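Visitor: Protein chains in written order, with this note's numbering: chain A, 1 to 279; chain B, 1001 to 1353; chain C, 2001 to 2329.
Calculated directly from the structure, the hints in this document are not laboratory data. Owing to the predicted nature of the structure, the values given are computational and were not obtained by experimental measurement. Each hint should be verified, as a subset may be incorrect.
For the chain A half of the interface with chain B, some residues (derived, Cβ under 10 Å), not all of them [unchecked claim]:
no., residue
1, ASP116
2, LEU124
3, LEU168
4, GLY175
5, ILE176
6, ALA178
7, GLY179
8, ARG182
9, LEU186
10, PRO190
11, MET193
12, PRO195
Residues from chain C that keep clear of chain B, each with C-beta distances beyond 12 Å, as calculated [unchecked claim]:
no., residue
13, GLY2047
14, PRO2062
15, LEU2063
16, ARG2134
17, PRO2147
18, TYR2255
19, ASP2268
Where is the CB? At the ideal position from N, CA and C, for every residue including glycine.
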Amino acid sequence: MLILRKFARDIPALIGLVIVVVVVIVAVVGPWLAPYPKDAYASHLLQRLKPPSSAFPFGTDNLGRDMLSRVILGARGALEVALIVVGVAAAIGVPLGLVAGYRGGWVSESIMRVTDVFLALPQLILALALAQLMTPSLESAMIALALTYWPYFTRLVFAETRRLQSALFVDALRGIGAGDARILFLHILPNAMSPIIVRATIGMGFTILVAAVLGFLGMGATPPQPDWGLTISESRSYLPGAWWYSIFPGLAILVTVLGFNMLGDGLRDLVDPRLRRSR
Amino acid sequence: MMGEATARVPIVELRDVTVLLGGRKGWLRKSVPPVRAVGGVSLSVQQGDILGLVGESGCGKTTLGRTLLGLQRETAGDIRLDGAPVGKLPPKAARRRRNDIHYVHQDAGAALDPWWSIGRTLDEGLRIQGGTAVARRRARVDEILDAVGLDPTTRRRYPHELSGGQLRRVALARILLLRPRFVILDEPTSGLDMSVQATVLNLLLDLRQRFGLTYLFISHDLSVVKRFCDRVAIMYLGRIVELASAADIFAEPRHPYTRALLAAVPRLEGNTRKVEPIEGEPPSAARLPPGCVFSGRCPHAVAECREREPELQAEDGHAVACWRWRDTLEERPAAPPLTGASNEREYAASLAK
Amino acid sequence: MSVASPILAVRGLKLSIRTDEGIARILDHIDFALQPGHILGIVGESGCGKSTLIRAVLGILPLGATVEAGDIDFAGEKLLRLPERELSRRIRGSRIGFVPQDPYLALNPVFKIGRQVLEIMRWHAPGRGAAQHRERLIGLLRRVHLPDAEAALDRYPHQFSGGQRQRLLIAAALACGPELVIADEPTTALDVTTQQQILALLRELTEEFGLSMLFVTHDLGVVAELCDETCVIYAGQTVESGPTRELLDAPKHPYTRALLACHPDRSDSFIGIPGSVPSPLRAAPGCRFAPRCAEARPACTMRPPHLDTLIEGRRVDCVLYDELESVVA
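Construct all of the structure, not just a fragment, from the sequences and the given hints.
Guide: Rendered as structure tokens:
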């Protein structure tokens, strides 16, 4: 198919896709994939801080838990956070953008000024501030992140809606009597989807990173969850000796975020209606 | 034809319609005067007729079309459908009230949602209208696709997969489904190759017959208009400067602008008449000259032309808005009618089968 | 008639472009010659390959384009053999000027027009001083009847109308004193009265500056008014070429005749050519017009596509004329 052929020529996008697929699979089948699934929450002090070996390919942590298993299990948490945060942010941001873009006037202005305020502040700082107000937990981190990410969608959708509402096909639709709701949700929204999808994909990567940072700072996941950021935080006291304790979760974050970013970039070129073909 | 025809109510009538666009009152921003896109236009179209609206870019023909459709609200004047007033309404209400009138855009492809299949787009019109079951809608769509000469498989295709000619047909199909009586065609042949134009034009004539349609044919292409339209209105800077039957306008153009337009069309005999092109360009519609809109470029303009704007005045069915048209007929030879070499006529006839 | 050495000659040009959907054989056989000081019209409908042809001459073909055969000779140089550096330094802009199709898209909207054109002039003639270039440009702008030439240099493209922009582009094409000007449908996007002015201008300029011009269009009327010779192209194949007047009065190739029959000056009703232009992705051998030709014969799809016949100073590429007169292989 035309889409696949085009995609296949974009090497970084392909790599990104492979990475994302692997991460997703790992997250889904994690408990069955991990050699020591119970190590998420168990403790084997006799094996603590063992370097990588055939029995423990990623070594063990300070409670003797298998690092490989913890990294694998951490994938699930990371993806969950990413999906929920991006999902909620889009659910808030996209409709706001549509409304702001379609109608002018004070409604549009007020939405966009609020959006501007949020966009002016770095997401991490804002998320931290919000997380501080709630008791530290993965849930509060997710809320904080969602509340700071929606403006990116709003601004994007606002621009697209503005552009599309003066498009000729929208004019033609008004000519045949289509109502505003129909035009907005059935026509403008699908046409604005491409940048939304791209931003959502890249947003997943970014969210994982920021969630890891929050976890690292103790504002997110709490022990004994196998969260990547949290693990790196725990590893601090044992560095540089137990290098495996922070390197492997760190690599996991790096590769995952990179994968999402590369995939998102690749999607940018792909989502073009002209690639749609009649069946 | 005797001048006093029995007063059949025209299907569409415009009386002194003016449309001002833009314009900002200065509060925090600088005041911008509005642009007079259409100035005091009066037209009427009888059921079943084809009225051509000819003019160059910026003359206001598209604005006039959209105003008639209802998406542009007129600033002043009367708009009547079958004699009943339907003017002075905001776009949505206007479209509801005038749903016998529909519009086919110049860029037929851009008028379609690129993410929707043709079938879905066509079906949508019927859904918006409401009241028909899925099966019945499908049958209607198939019927109309056939009427415009498109294969039923076109339903599954997407706009970017179709040619310009096919897209035009889709645009026609879309509005035909809504049972229009009056169709505004915006440059239906522009961008089409000469060899393809014929098919679209013949289709339009066929559809008019089948569905009892009336057309407003907006175009800048005089040669098409001459052969296609019953009556023609020439527009310049928002005003109608000449209005007559197609045959009359081309045989005896009266307004200097009409004559200049006709002389400007490149001819197959080449520029044997050595006609000098008219000077300059139309002034901006934001800064209209007082008096006749064409006075700035008219080779025959005198002081009176620059002071008083002439009204459209008819003489045996041929209306002109010019103070001096009678005088100028002698000053310059009329543009020759469009004729053809006879041997090509035979060849053309042989191809027509 | 004695044939002086043509300033531009395209011989047997064959070009294809690799697309996502396969190989598109855009040009199958293009053959024409432009005499110095003449205006040659390249006429064809959409999809005939005229734009690709122009790009081939200018050397600005898209990636994935391959010239499979043929030569383009310009004043003794073989353009297809020149490296890009040579083309951009010596040929494009300085010896060959280009007037593009859409005056609305051809100029950079964020720069003043003076700056844009002077930049080109400085690049091609770095020796001359800025003041000299400026003088020359103002002179050219006046010559193309652009109102208020000096002030125009400090304006942005959007401050000009379509007709004015086209005049500007013509001036820019002439700025470096080219011998050949290629105009790609320069009046298609303009009103008919503006077109009339621009055509008259082009005529004047060709005579005054001794230019040779390659004028691409789909409008036979324009060709009749402006061009000394005409070359008709269909689906990437040259079908007929020769002196304009003769070609229009007594066309020989069935496509030319069919095209003329559609013209409003020759027919009061709506005549078209049934069928559609074949896709270059699925190009058949032989004459590409055969499927739509009223006089097609089996030989049409079998013969090699470029057996030019020369009759009465006219080249026709058609089986119907193979038996007659001299055959120029």
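Visitor: So which of the earlier hints does this model not fit?
Guide: The structure breaks hints 1, 2, 12, 13, 17, 18, 19; every other hint is satisfied.
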